[in-house]
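K.L.:
Each chain, written out:
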Amino acid sequence: MIVIKGVAASPGIAIGKAYTVEPEEIVVSRVEIPPESVRQEVKRFKGAIDATFRDLDQTEAKVLKMLGKEHAKLIDTHRLILSDPLITKDVSRRIAEERVNAEFALSEALERINRAFEKIQDEFFRERRHDLFDVGKRLLSHLMKQEKKTLSGIRAPAILVARNLLPSDTLNLRESDVLGFVTDLGGKTSHTAILAQSMKIPAVVGLSDASHRIKTGDELILDGDQGLIIIHPSPEAVTKYQKARIDALKEEEALDALRGAPALTADGHKVKMMVNLDGIDELKTVAALKPDGIGLFRTEYLFLNRTSAPAEDEQTKAYLAAARAFDGLPLVIRTADIGGDRTAHLGLETSKNEQNPFLGLRGIRLFLRHSELLKTQFRAILRAAGSGKVKIMLPMVTTLREIQSARRVFQQAVQELSAEGTPVNKKVELGIMVEIPAAALTLDALLEEADFVSVGTNDLIQYLLAVDRVNEDVAHLYDPFHPAVLRVLREIVETAHKRGKTVTVCGEMASDPKAAGLLVGLGVDALSVSSRMFLRIKQIIRRMSLERTREAVQQAAAQADSDAVRRVLAALDS
Amino acid sequence: MKKKTLAITPKLGLHARPASLFVQTSSRFQADVKVSKLMDGEEVVVNGKSVMGLMMLAAAFGEKVQITVDGPDEEAALAKIEELFRKKFDED
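From first to last, the protein sequence lines are chains P and E. Under our numbering, the first residue of the first sequence carries the number 1, and numbering increases by one thereafter. Under our numbering, the first residue of the second sequence carries the number 575, and numbering increases by one thereafter.
Hints are supplied without guarantee of correctness; some may be wrong.
Derived DSS-like pairs (lysine-lysine); straight-line CA-CA distance at most 25 Å [said to hold, decoys possible]:
1) P:Lys89 - P:Lys46
2) E:Lys661 - P:Lys73
3) E:Lys608 - P:Lys89
No lab work stands behind these hints: they were computed from the structure.
With the rest of the complex left out, here is chain P (with noise of 0.2 Å):
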């Protein structure tokens, strides 16, 4: 039994016998050509060029059937690399200055690109190479006749293992009987692995010298969600990886049977699960969990990476798409929450001396001091709220003046476009975001000004415990399970529960397996989740006791340490 350790490329699991391919080998020699036979030569080389782009519609046709249009632009660029001048031009001037033949002129080119290529130090640039190659290799068959090997003559079931798989021929394993594929070269982001991930195939990439390793026939496990391969696997790692596979599967079909299950627990309590959202291209997908509402839209995916901030109908355009996909339900709109090292490209001024950045000019506290761009944001979420459920949230909140100061700008905006004949959703709530210690304890006095309480458990972690996640000498610290945490989280839902306001929790600690119960159990409103564990949150919402939990909980709260915390809370499962 050998196990090689490679990179996860497409998740999933296979079990079966290797199909290992030789590399192609294209021995392209070097021959003299006449100078009369130039034109001749140039001529066959466009000939070839014409033939392969025969061969990308054809691929093309086959990609939007398979994959559908977003997977297709993968032959646009495989059709800009054959009209791109450093083929095109460069091998007629080669054929023509060196009188050599079109196929050598040819890999004199693509050698000479791909020498340049792997030079780049950032993997996702030179990844692109594989494209070339692909666009080279068919262009050199046509150019010596000769039929490029496709995979899918693969007849019985198999593990493919080669050098390197190009993404032409990661299309057509769909069409064979390809269980999973392992190579010895390529990277996460190369577009082998991307089409590997979205046509379900489990594979494992970067294994360096794996395909002089296996031979055909060879038993093989492929585990794609560990990125490791292992060969000649002994008896019991079968038993226990198809055992893995079953489970994997039968979890998946569990999971995906929750869609639409009401969230109740074991002992019928209704749990309100919300979704997190982070753009709109995520719209589809969100809807499809038929979730409770969005429970947080993060709006900062509007404001990075630009030098202004983006004007109002452009943030109107996206909330009124949120609002229309999730109409009639919740959808709670926070205004974006920007870090003071971030300001610099929105065209702000920015501070000096800005050393920590975490606790310094970020949320409210930056759109209070360029209160422009407050009012822009609440101007396009009234705009776009109509008459559905639309609420808006602050970031950072530490002070009630801070919430004062924004429903100020908030009634100008109201006002505004009031006089400009827009109708306003004078309904539209204001709540807060809860992830600073000092709104945790002042929460009453909060309330008096805000709707709602949401908490943002990464960031109010951070601050309670003094951790840096980022910092590697510390980020073990950070613990949701530390009783502080846990005493925090109950005040704040006793406090705003007194006052009959709601809380949700829209932090990670929501999304978490092992916390989610514990938030139901502290009493918490609504859990508004990451969209790649909502499922699975649910799951364990339907499968735990609420009346058992809030005992548990109210231990936990009770001990000194974490450990103590979690062993509560593992009797619980027993």
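Please build the complex by placing chain E on the supplied structure of chain P, with the hints as guidance.
P.N.:
Below, chain E alone, put in the same frame as chain P:
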């Protein structure tokens, strides 16, 4: 001959799609278009009408590249290229 230094505006850098938009734009003009970037202290110059060439620059978001246009319609060509950068290569 006209020269201009511009910062890369698309989020993922000058990858395949923005590079092809660049090529589509520059190819509409007669002028010769060259794009260059400093890589490890060495200036790398590529043809602004070549997608592979542009991708070879591996130009990331915010990095500066120098555009050199030379030809009868150089002014119009540079204006269109600048517009492309300003509009962030239609990325939204």
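K.L.:
Now tell me if each hint is right for this structure.
P.N.:
Checked hints:
For the hint pairing Lys89 of chain P with Lys46 of chain P, the CA-to-CA distance comes to about 11 Å; that is within 25 Å, so the pair holds. Of the supplied pair hints, the one linking Lys661 of chain E and Lys73 of chain P holds, its CA atoms being roughly 21 Å apart against a limit of 25 Å. As the CA atoms of Lys608 of chain E and Lys89 of chain P are separated by approximately 16 Å, the hinted pair is consistent with the 25 Å bound.
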